Amino acid sequence: MVTPIPYQVFVKEVASEFRTRYALNALLMFVVTTLTMVVFSLGDNTVPYEILSGMLWIVIFFSAMSGLSRTFVTEEERGTSLTLRLLTSATNVYIGKFLYNVVLILAMSVFIAFAYRLIIDDFVVRSSSIFWTTIVLGGIGLAAASTILAAIIAKANTKGTLFPVLAFPVLLPLLLTCIRATVLSVEGAFFSEAFKDFQILVSFSVVMIAASVIVFEYVWND
Amino acid sequence: MTPFHLEVRNVRKSFGRKVLFDAVSFDVRLGESFAVTGKNGSGKSTLMKIICGVLTPNGGSVRYVVNDKEIPLSHVAPHIGLVSPYLNMYEEFTGEENLRLFAKIRGIGVRQDDIHGLLQRFGIFEHRNKEARFYSSGMKQRLKYCAALLHRPALLFLDEPTANLDDIGIAVVREVMREQRQRAALVFATNESEDLSFADRVLDLSRLKIG
Amino acid sequence: MNGKMIAGIVIILAALVFGAMTFIESNVEYMDFAKAERVNKKVQVKGRWVSDRETQFNATTSQFVFYMVDDNDKEMRVVLDGGKPNNFEIATEIVAKGRFKDGYFHANEVLTKCPSKYEGDGSAVQKSL
Amino acid sequence: MKTALKSLLVLWLTAVIIAGIAVPMVKSPSGPLEFPVIPGLEEKARNIFFHVPMAWTSVLAFFMALYSGVRYLRSKDQDHDLRSVSAAGLGMMFCILATVTGSVWAKFNWGSFWNWDPRETSIFILLLIYGAYFVLRSAVEDEEKRATLSAVYSIIAGVTVPFFVFVMPRIMSGLHPGSLGDEQGSGPVVQMNMAPNMLVLFFASLAGFTLLYLWMLSLRVRTARLEAVTNTIE
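Protein chains in written order, with this note's numbering: chain A, 1 to 222; chain B, 1001 to 1211; chain C, 2001 to 2129; chain D, 3001 to 3234.
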């Protein structure tokens, strides 16, 4: 009967998203728009796979920014953050929101990855195991950093533009590693060759989550 | 009801360099009722938020002792209920969904009968499957009471208890206040002189010395 | 609260050590020309410039052509997109980055390592960043 | 700091700057007042006396801002926020100076002002972090919130800093001394491959600029405190 509270917060986020479609609609439109722009700008040119790998992560990064920025802003705008604060501890809220962001980002980046490979003929992945491991680990890292940054911007006055500005320096090591691992997957490297990159991705996510759990309550409580 | 003790000591809150109040101290025990009054802007709502642990004071302490054991403010949720204009429901969920959600996130189990009983008592049972955004402000206030009472809290905090309510609503609230005072404890903030008859002690924030 | 903070800091440090382990092992993969011929991907080959064979700059394609030997003394013609790298003559060691292609090594970048005794400019950033 | 110490620091830095620029470089140095010529660098080598202290100071400033931010979160004392923002402001200035001195040097030694060498990338990221820190501060009006949020941001940005060390050299190997793959070792600063008299001047400069930073920091903190008081009186 009694399930962990972070899971309840997660369930609430999912149910709320299905009712309001705050993030999903924005995300879907953003993904479609950026992918279309990529296709048009490529035209008939053959583009090196290094650049194609980079562009994939640019699309994922900015889509994530557009989808996750509202994580805490909606609570703040509708005055429900006080309600949530009254109901449970900051750590429970953080973990629940983080789990929700992980699911959202993973669904989004898997969709983008499929669409990208389908639309762009020059982007041929020879090592699927490396590719999908990168997508999953990169998504978790993105969600980890975005959750705490979304909590920060929810309290600021200019919310929309602030998110990518704050997120970019923090996410750069993650993105560079993801791009590198994606390049390896196109080159058809052995799984073991990408192992060091995965080690960095895992380490980044763990550090980000642990640091967020420590500092989140300072942001969350007024 | 298990014995408990709310201890507020020298609480101070300032915004920037403007001091809202300073050195607020009082105690509330089982079977007591405590009221806070004061002009608009004297910090009644702020004080309520601080005691509920959702706002950090700039100084002083708030302690909850239940059964001779101190409970950290971050874990006080199952013991308290709050009705406040600053506390909003999730508009995309129905009244009943909101109540279930609150119980789950508080980490307590409730029965369907309890939820329906409360909804009936506050006269919004017929509206239980309507999304909260379609509620009038009076209905929202009633829903807040259901949410605050669902887990039978040891301490009930009411910020402007009768706001937005019609006569029938006010009558129910009065009844709730009376009951809560007998069963456990009650803290409320108001400017209505009629409400003050429910208080054992009254703290006037506008007469507080600020230093 | 305090316990949470200590646990968090321990986890952060452990994860950083875990990440740093990738750094301690040498991670710039150098190959020799023999291996570069076999794999069709971008590699970097470390070696020395063969100063007694001709070097030339082709102005029309804007490519710089020279010969280098790798650490196994295999000699190879290297075609670099771009002009002659800085300090090319005094370099004790050079690194060519690129792909093997039709009997020569096509480099898009050549790094030169100068004798770094007394070498200027520094890296305090690297120490703490 | 007492006036005597301050005057001493001014003299010290003047001497460092003059020596850094004016001590001649000769093929075979015969005394402490002659530096060796470094093949491939020549007079450009003098940059080490200015560029490295700037870079070091900006990193030091970042960690001081981070430290004061943590102190603020624990105490909620606005004074720590004043220290944090003062440290970060000066750090940004030194970071820009380090970037400019490095970039000009790169133009004359590597051939371009900017080519995304790992070290150039890392100082660029440091600039970005400082930039984001100040953008965030300007976006929050409430003093307490501003202090809390910027402290939290500096912590979150701070924990990612080690990753740049793991990640950068893997993405690109660099020309900057100390890059991985530099078989000659980690360069002049880490391994001290420097003529003894250059080494003395280098550390004199490092100490001088660090003290200059601390002096400027204390001035800024005091000014900020006075401004805070003035605002209250109004």
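Think of the hints as simulated: they come from the structure by calculation, not from any bench.
Small disclaimer: the values here were computed from a predicted structure and weren't measured.
It is possible that part of the hints are untrue.
To be verified - Examples of chain B residues toward chain A, derived with CB under 8 angstroms:
#, residue
1, L1101
2, R1106
3, L1150
To be verified - In silico DSS-like links for lysine-lysine, alpha-carbon gap of 30 angstroms or less:
#, chain 1, residue 1, chain 2, residue 2
4, B, K1039, D, K3044
5, B, K1018, D, K3002
6, D, K3076, D, K3027
Ideal Cβ positions, reconstructed from N, Cα and C, are used throughout, including at glycine.
Okay, the hints, checked on the actual structure:
no. : hint              : in the structure
1   : L1101             : holds, 6 angstroms
2   : R1106             : holds, 5 angstroms
3   : L1150             : violated, 11 angstroms
4   : B:K1039 x D:K3044 : violated, 71 angstroms
5   : B:K1018 x D:K3002 : violated, 36 angstroms
6   : D:K3076 x D:K3027 : violated, 59 angstroms
The structure is inconsistent with the numbered hints 3, 4, 5 and 6, although it conforms to all the rest.
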